[in-house]
Amino acid sequence: FEDLNHPNPNINYFAALKMNQYWPEESMKKLMNNFSNPDVQLRRKSVKALGIFGEKALLPVSKLFSKSKDSVIRVSCLKVLVLLASSINLETYPPEVNNVIKLALEDNSPEISLALVSFLRQSGEFGIPFLKIICRDANILKARASITAISEIQEPSIEIFLMGLIEDKSLDIMTRQAAGDCLNISLENYKIHQ
1 FEDLNHPNPN INYFAALKMN QYWPEESMKK LMNNFSNPDV QLRRKSVKAL GIFGEKALLP
61 VSKLFSKSKD SVIRVSCLKV LVLLASSINL ETYPPEVNNV IKLALEDNSP EISLALVSFL
121 RQSGEFGIPF LKIICRDANI LKARASITAI SEIQEPSIEI FLMGLIEDKS LDIMTRQAAG
181 DCLNISLENY KIHQ
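Under our numbering, read the sequence shown as residues 1 to 194, first letter to last.
Just to be clear, a hint being listed does not mean it is correct.
Unchecked claim - Calculated lysine to aspartate or glutamate pairs in the EDC-like style (CA-CA distance at most 20 Å, straight line):
1) K132 / E91
2) K56 / E25
3) K18 / D70
4) K48 / E26
These are calculated hints, taken from the structure and not from any lab test. Given the structure is predicted, the values throughout are model-derived calculations rather than measurements.
Input sequences plus hints: build the corresponding full structure.
Next up, the structure:
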């Protein structure tokens with residue numbers, strides 16, 4: 001556990017592998033306790049270490065997010081979920097993860113919003129329905145981040161969805177333009193050709 005403080009990232013990585021192999025339960029608790037530590041580097045290293053724990057970290061991290069009101073802890077939890085989503089291939093997540101998504105959708109903090117969008121993007125097809133909701137959010141930052149994220153997912157319905165955003169005049173012009181940018185369509189040119 002002391003090796004997590006070492007400046008060499010390789011030593012940090014091997015320390016996390018050993019934690020996962022020999023003391024997973026105890027290590028996960030200690031690593032999650034670091035999310036409230038004022039040392040940003042220690043928080044980052046703890047997030048990375050938990051990303052190595054794979055599927056067994058999903059529930060503890062999701063439960064911590066749900067019971068905490070601290071935005072730093074919540075962002076750290078979401079960052080772990082981003083790492084887990086990129087390393088494990090799950091078609092569905094446990095209900096606790098869906099609860100994290102629900103709570104994060106209600107939070108207007110930019111850090112929470114961006115971390116949530118990253119998690120949904122890494123979740124592939126599972127994340128698409130949620131990203132589609134956020135694409136229409138009144139918060140322009142959330143909407144634009146979601147539009148960019150959803151446009152990176154290789155799925156046939158995405159282009160049709162983005163065209164629908166462009167055509168939806170109830171949406172903010174910046175949201176519509178973000179959808180146009182992803183499809184390389186200028187709104188001015190689009191209006192001319194309608």
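Status of the hints after comparison with the structure:
1. K132 / E91: Judged against 20 Å, a Cα distance of about 18 Å means the pair holds.
2. K56 / E25: With Cα atoms ~9 Å apart, K56 and E25 stay inside 20 Å; holds.
3. K18 / D70: 29 Å, violated
4. K48 / E26: Judged against 20 Å, a Cα distance of about 16 Å means the pair holds.
When the structure is compared with the earlier hints, a violation turns up for hint 3 alone.
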